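Please build the complete structure, drawing on both the sequences and the hints.
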Amino acid sequence: MTPADQDSNRADVGSGTPPVIAPGHTFGSVTDKISAIVLTRKTPIGWWFGFLIAFALMNVMMVAITYLFVKGTGIWGINIPVGWGFAIVNFVWWIGIGHAGTLISAILLLLKQTWRTSINRFAEAMTLFAVACAGIFPIIHTGRPWLAYWLFPYPNTMGVWPQFRSPLVWDVFAVSTYATVSLLFWYVGLIPDLATLRDRSQSPIGRVVYGMLAMGWRGSARHWHRYETAYLLLAGLATPLVVSVHTVVSFDFAVAIVPGWHTTIFPPYFVAGAIYSGFAMVLTLAIPIRAIYGLEDFITLRHLENMAKVMLVTGLIVAYGYTIEAFIAWYGGNKYEGFMMWNRMTGPYAPVYWLLICCNIVIPQALWSRRVRTNTKALFVIAIIVNIGMWLERFIIVVTSLHRDFLPSSWGMYNPTIWDWATFVGTIGLFLTLLFLFLRFLPMISIAEMRAILPEAKVDEDLRVI
Amino acid sequence: MRISSTLYGLMAEFDDANALVAATRRAHDEGYRRMDAYSPFPIEELHEALGSHHSRLPLIVLIGGLCGCVGGYALQYWAAAIAYPLNVGGRPFNSWPAFIPVTFECTILVAALSAVLGMLALNGLPMPHHPVFNVPRFALASRNRFFLCIEVKDRKFDLESTRRFLETLEPREVSTVAD
Amino acid sequence: MTSLRQTADQLIPELAPRQRQLLMAGGVGLAVSLVGLFFNPAQFLQSYLMAYMFVLGIALGCLALGMVHQLSGGAWGVVIRRPIGAAARTLPLLTLLFLPIALGMRHLYVWTDASLVAHDEVLQHKHVYLNVPFFLIRAAIYFAVWNALSYFLNAWSLEQDETGDPRIARRMQRLSAGGLLAYGLTITFASFDWLMSLEPHWFSTIYGVLILGGQGLSALAFLIAVLVWLSRRPPLDDIIAPEHFHDLGNLMLAFVMLWAYFAFSQYLIIWSGNLPEEIAWYLHRLQTGWRFVGLSLVLFHFVAPFCLLLSRAVKRQAQMIVKVALAVLIVRLIDLFWLIAPEFHTAGVWVSWLDVVLPLSLTAIWLGYFVWQLRGRAILPMHDPQFDEALGRILERAGERP
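Residue numbers (the working numbering), protein chains in the order written: chain A, 6 to 471; chain B, 1023 to 1201; chain C, 1326 to 1727.
Calculated directly from the structure, the hints in this document are not laboratory data.
From a predicted model like this one, the values you see are computed outputs, not experimental measurements.
For each residue, glycine too, the CB sits at the ideal point set by N, CA and C.
Treat the hints loosely; a few may be bogus.
Quick list of simulated restraints, FRET-style, between CB atoms [to be verified]: (1) C:Phe1625 - B:Leu1084: 16 to 26 Å; (2) C:Leu1635 - B:Asp1201: 16 to 26 Å; (3) A:Met350 - C:Arg1558: 58 to 68 Å; (4) A:Val430 - C:Glu1602: 36 to 46 Å; (5) A:Ile423 - C:Arg1637: 51 to 61 Å; (6) B:Gly1112 - A:Val165: 45 to 55 Å; (7) A:Trp416 - C:Phe1364: 56 to 66 Å.
Listed below in structure tokens is the structure:
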């Protein structure tokens, strides 16, 4: 049902820092503008264009994985000594990208940063899709993916149990918990908006589907109270969880004794890197989406600038990690560690290493300038560069640490094959396909939370007297 | 008209959050208890105005978390030290440092599930149908309108006097809610 | 109604006698411990290093938190900005107090012993870094950076108080951004130099972050204790609200978790790797009586404060949170004891009387200096850009709008 009446209330936002929502919006206009993208507005031609490309890429992944199932992991470039190739690089890259979503939705909520409101929904969706892409890789890397359920502890006739001293088993728990909790968090956040869509949908199918998903939400004050409590508790749980996930991923490396992997700085430095790449991905997606859907009122320059600042900080932490790692590789006096670091910087993969330093450390220093932080084109380019840089970082960690084994007789090189690339590019297709579907069928900005940050949502303190 | 079987309550519609909070406080002062307020976004003051108490949800989540923590460790201890003891590089069967990550993940998983399922259960959701949806304009409760509904079951409820009371709150309109 | 523009000295007359008492007590304690220096200089220096790192941690942690607040904003920092500034202004004193360590290096750091280095391949390799002149040059750089940051931030803060010029806030932000970077690097290498090199064969890349997190925790606990003390007397008694303690309590909880995270990550990685050059550090701690000190850290540096700080009631009541804060300060000292003492007493737990007297006297002297610094300025930063957001409403209610 579309109400004919117009709202007379006007939102006035004070001057000073750029607002998190453009002035002039009301409860009604916010609701209409965001829900119209899903419900009434015609699907933009750009959506079809992007979706078809993404869908085609996803099919590349399908082909690559099918061929993998037929032939085995021999179709990849992995070998002895480089037993972990693209699959693990991509796994770490994707799971890291997911971290920004949880950070935005949980940590910034706890820190009472209201600017998160217009980007959290879509960042959370990004988390889910990134985790979905990440989850594929370790499973197909096992060689016999149809037996992946062996990773879970369950009573079986073989009488064996997973090896709980192995970080790979921790990973199974960390990633599956992360996927579950992210899904719960996202869904709980969606419930009030699904109710809005249910009430505003014109089509019977829409009404039924959104109605079922909304579970009969009616906005009761008692419900809201428990809902908010649950949401805050979930945020409190998701915050240590997100740190733990990339920590466990870093343990996959650090708990082993391979030079280049076994170093104690890995947990915090992996977490910072994950947030770094995640924010880069949020910017990569947010900048075009706000332009295409005309959402500049909701995703303002303030959001972009804040995200750029987070990138600058986490990028510097990552740089700190590189520095300390290199220093201790020398200071420790272990000749294998020393050689590993020297080989990274001057060996056969040195160009990749220096490219990564350029992408992750040198170029992002431009973000110190406010002019760059508020220039969407420059930000978009830097975000893409950081995405690439963080992928290269994982490549360097995985490949250069392995390819020079302790004995020179077992040294080797890693050359990715067409199937490695096809799987990687294919998961980008999967990610984008899911993202396009999300943009089309669900509100990409939390409508209920946007209403709550409008100035007119403030209840006066002394209103006993009417 | 036999109101008790066909009527759920009376519903007043308001334009903004302030009016709804003020109306709810007035209704509470008036002695109404079986009522609920509906808004398109959470309003902290409404909950207090309705005279509701603290939620039990944090306790449920705490218990859930503790169960996950103990259960997670117990699972690993049982698997690694009792059911399938395996010497891995001379590490003890009960390798507690290595069991912390999974214990932590289990704690968070069960606590998060308790938070969501607990919230839904306490709210009585999913509940696909509810009498308030019988009011056509209630669809605006998820957009920009604010509603106060006093139920027939309230001891003070009387179709005439309650309607008169609601009219004094200067609502946009007052409608009957069919059961 | 008192004007908040007056200095803390005028508003809180109690500060001056407190300062005298603290300085006297500290002086007496230090004089007594000089006996220890005479009989057992090595033990004196070990205890002194621990005591020194404890107070240095509070001061540097405050400096860093102040810079974080400049960048992040937030109501939590406004009420503690003056104690933060006063703590940062103790850095000249702390620079002076470093002298005993510089002079007594050979009692603390085995790598200063040339005959030992001559027979040790690894120490020869490290000699480029671990040698006396370079050690002293590095220390001079660290202190130069810290003192410069403290000096400029405090001078500008004073200027901001007097003129209220909004441009100063931006200038302070810019310095804080670079300053945090400089702090992160200097404290990392300082912790490598002063603590990690006590066992020169051992190394851990997370060590700097672990020390950094510990300093943040010390500073927060200290600031909470100071704020509680201030909130019990005019003029802050009707300005500090439970919300302030709640926010700071949450921050302290975050730092407790962060410290546990760093410490556990280091332990798990080294325990799993089980490499001879790394595990040695834990072996002579966990296979002797020192393991009980380690266990007490698990319980009182993490489990107990974590559980207490989860409670909303604890965080909002001044008399509760101050107890937690003081307990955290004590375990911070135990943590430093755990990092330092086992290097010298490998057989088992050994507590010298100097391990008690020196931290107490050094803390007393430092606190006296801190109180002196606190006295000189207004107790609230009236021109902080966040001031109205944080305190405007409370002050309006109390009728103290300046």
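Checklist entry - If you check each hint against the structure, which ones fail? => result Violated: hints 2, 6.
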